[in-house]
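Read off the chains here:
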Amino acid sequence: MNNKVKLTIDGKSIKAEAGKNLVDVAKENKIFIPTLCYFKELNPLGTCRICTVKLNGKHTTGCTVKVSEGMNIEVNTPELLDNRKAIIEMLYAEGNHFCPTCEKSGNCDMQNHAYDMGITVTRYPHVFSDKIVDFTPKRMIMETNRCILCKRCVEEIKTRDGKDVFSFVERGVRTRVHIDYEQEAKLSEAEALHAMNICPVGAILIKGVAHEQPFGERKYDVLGKDIIPSLKNGKIKKEDHEKFIVATTSLAGCFGCHMSLLDIDTDLLDMLEIVEFNKSPFTDIKKFSKRCHIGLIEGGCANTENVHVLREFRKKCDILIGFGECAIMGGIPAMRNFISLKECLEESYLNGTTSEIGADIIPAHEDLPKLLNNVYPCNEVVKIDYYIPGCPPNAEHIWKVVKSILLGEKFSITHDEFKYD
Amino acid sequence: MSVLWDVQRKKRFISHDDMTKISQEFNMSRMELEGVVTFYHFYHRTDCGKYTIYINECVISQYSGRNKIVEAFEEAIGVKMGHVTADKMFGLFKSPCIGLSDQEPACLINFQPFTHLTPYKIKDIISQIRNGKKAFEICDTPKSVIQYKPSIDKTVFFKPYVPYATLSFLEKYNPEEIIEKIKKSKLAGRGGAFFPTGLKWQFCHNNKADQKYIICNADEGEPGTFKDRVLLEEHPELLIEGMIFAAYSVGASIGAIYLRAEYRYLKQKLEKLLSKYREDGKLGKEILAKIPFDFDIYIHLGAGAYICGEETALIHSMEGKRGEPSTKEVFPVEKGFNDKPTVVNNVETLCAVPRILEMGVDSWLALGTDKTPGTKLLSVSGDCEKKGIYEIEWGMNMREFINLTGAKDIKMIQFSGPSGELLSEIDFDRNISGEDLQCGGSVMIFDNKRDLLHILKNYSNFFVEESCGICVPCRTGNFLLNKKINKLILGHAEEKDLADIKEWSKIIKTTSRCGLGQSSSNSLNDAMKKFPEIFKQRLSENTDFNKAFNLEKAIEEYDNIINDLSTPYE
Ligand SMILES: Cc1cc2nc3c(=O)[nH]c(=O)nc-3n(C[C@H](O)[C@H](O)[C@H](O)COP(=O)(O)O)c2cc1C
Ligand code: SF4
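Residue numbers (our numbering), protein chains in the order written: chain A, 570 to 990; chain B, 355 to 924.
Hints were generated in silico from the structure; no laboratory data involved. A hint or two may mislead.
Here are the in silico distance ranges between beta carbons for each label pair [unchecked claim]:
(1) A/Lys599 <-> B/Ile843: 27 to 37 Å
(2) B/Lys422 <-> A/Ser698: 32 to 42 Å
(3) B/Ile843 <-> A/Asn572: 51 to 61 Å
(4) A/Ser924 <-> B/Glu887: 53 to 63 Å
(5) B/Met435 <-> A/Gly927: 39 to 49 Å
The structure presented is a predicted model; accordingly, all values stated were derived computationally and were not measured. No residue lacks a Cβ here, since even glycine has one placed at the ideal position from N, Cα and C.
With these hints in hand, go ahead and build the complete structure from the sequences.
This is the structure in structure tokens:
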């Protein structure tokens, strides 16, 4: 046993086999270093960068470190934790990730990390770049919108005669993974499935195979920790006898989030003891009649009216909360951002399967709001103070956050409430 | 890669069918090859014209009147930038720094250099080509402008050279002794990382293998440098001899010069010289030495990618792959080219070797500073009277250096390229040395006319374009920083945006895989520190509304569509 070495991870002194991979060593000692590209069968790839740790004071990726005597490793410092969160957020901003429509939701490594890190919104603006969904391969679908370029498939999936099936093409922000059709056709069913399974997100799909596991049995359905949302400073000021005033609206959303608001059932009555609704679909008050403490925004901005309403809310409310994916990042409506507006309109009103034969009108009238070129997340139009993720967010989650902001108390959100896929 | 170059040169683009054929030949999948082709910007997927014109995008070029030059070309050939004429005669493209910063505005036509361009000269060039002249017949020979060297007893690089004289040391010393000398000389890598050369050789020497390689990094991609170009023109013999010493020391039998495509015009001359060395028995089998050895050198041509200057990316590129840097757990001296121990050294580093042996380690150590003995080559460009190469003794004071260049009214100096350090007035009392101001070679001077943000935006464009794309902080982080700079330029930014820039840069710096990502935000952050007032001026007041969102712009498209539709058919 003379090949054991001593090292410290986050102050804990640890004995391990010399040359063993740091991520594995840490795991054995119950220190979790999150990874996306690393998986045991391969050489460490070091592409995703989220396992970045500090080795003897210098930043490096955990997955490429082989442990040796005397190493001093930091894993969970505030800086490193934030770095990891930032990278996941950047991956979300870079790709086009619509969890509610994704086959891999619940089985997705990246989604799971995001839950664990308590990510509600990315700090980066969404890039919304146009990426292709390639249906041409015989068995697979390549959804480059979701690809995080971890390179697992490129390195791992080869044909029996040793050729690559997946390859990186282009460089810089335009880098993508493409499939070689000829090689893909040579893969066996099992090899193709393997490709889908090693993809840490939902970029590689096998036709006819997705959605196999029912809810509740997916990889990440039971795991997860509770989250205590942090409050920004500034308590809400009001006289003791007054009620809190709340306004709500649905912009480019489906009203699903509002339905969810009602889902606390009879607790709503308790809520009404301390809260009074002003402008909101619940009250049908169309114009603000007084200044509000909180404005709850559902949906993003797809047209001029959405923008006007949102700006009005910003002016009239002390605090704005974006609730639901659409408010946070555009959501399902933002899927049109990759298609030209003209095509969208033509498909909807002229050429679509549901439009009448001979239809030749695209509705336009001075009383109708105008469509924007893209669907914008709310925070790209005005400042948003808090975000409640979900599609729709869980009712308990919403009210806990609202109460917590109103009363300045801390609540813990359970993993179940936070998780919405 | 040379096969790809052959196709590119002959057919002027690499078609789908060609890729299929080549991939079969090399037993790889077609898509893998496509990945390689699309990585390099000098490989085209559509016809790039019989005469392909590349114009430098770097700030230095812009401030020398690049826009006028582009217009002149556009007028002369009749198509816009990024396009090819209908008869496929001319193609006009952008390229990052082409290594002619002291002779801008300049361009490459079929990789032949044309310098000091004027609209008149461009008309003339195009009409001559139309009349059947070939690019190599009418191109310029970039002059090596050596503006300054120390007194003759202190000059290392630019002094007369006696052919083969230093090679006699091969017979006098065994490999270990040469490594010892280089170690003692404290020679450190001149490619930007400053790793001790002797130590690198020692490591490679100690790794036993049946095959080892010496690679000369002549990819010189950092905007604003051209010192390697000048060395290749003036003293290629030094480079070859440096490589011979390196090979002898570490036990390598194959050497390669990774020459950036932008310097293709130097290839022929280099090849001639290599043949001469072979004829004279200085390269090839059984080279005369204390322990006779075999060594030969070939030239590998790059295809346009700054990142291929990074040594592990360079090695991948030489293996015919995408030029992606490796993770840093194994170094090339252990597992490099073809997984064999490999030394990668910069042109200047290798050129210094024979000179050190020739002058003796002690006289070398007498020059410069304690940490960085000897001299250093600096490529000076931008707003100064005397652009060109400066061979200075390490330790020179910045002010003294500025006086040499004749620059006046300086706002800032970009030292060591966009990934280096941005200097302002307060730094001018510092010394250029390993102890203080380290420099890879690029010195770009900007006077008070210049707009700092415009310069930073140019750097950022460069990094966005040249990131290899393998890790997200660099790939998308730089893209997002670029957007922030845009926001600043448009006057939409608030204080929060400055805080974001700082925070995001730090994340990019600490989590990126290679030096490109780690250093890409240096100049932006230096600028924020040294010129806070310029940033402050551009800020608008804090509000709860995002000024970057422009409602009028956002509905423009819709208005156009509706307008088009409501115009009745004839
Ligand atoms: C992004 C990047 C670009 C680089 N470009 C060059 C280059 O153009 N020329 C060069 O010699 N070294 C370049 N280097 C440094 C090389 O990685 C390497 O350190 C050098 O070739 C080693 O030679 P030296 O020890 O003689 O300096 C670059 C490094 C990075 C990270
Ligand atoms: S830092 Fe940039 S250039 Fe370097 S490996 Fe990462 S993506 Fe590539």
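Results of checking the hints against the structure:
no., hint, verdict
1, A/Lys599 <-> B/Ile843: 27 to 37 Å, "49 Å, violated"
2, B/Lys422 <-> A/Ser698: 32 to 42 Å, "33 Å, holds"
3, B/Ile843 <-> A/Asn572: 51 to 61 Å, "58 Å, holds"
4, A/Ser924 <-> B/Glu887: 53 to 63 Å, "58 Å, holds"
5, B/Met435 <-> A/Gly927: 39 to 49 Å, "44 Å, holds"
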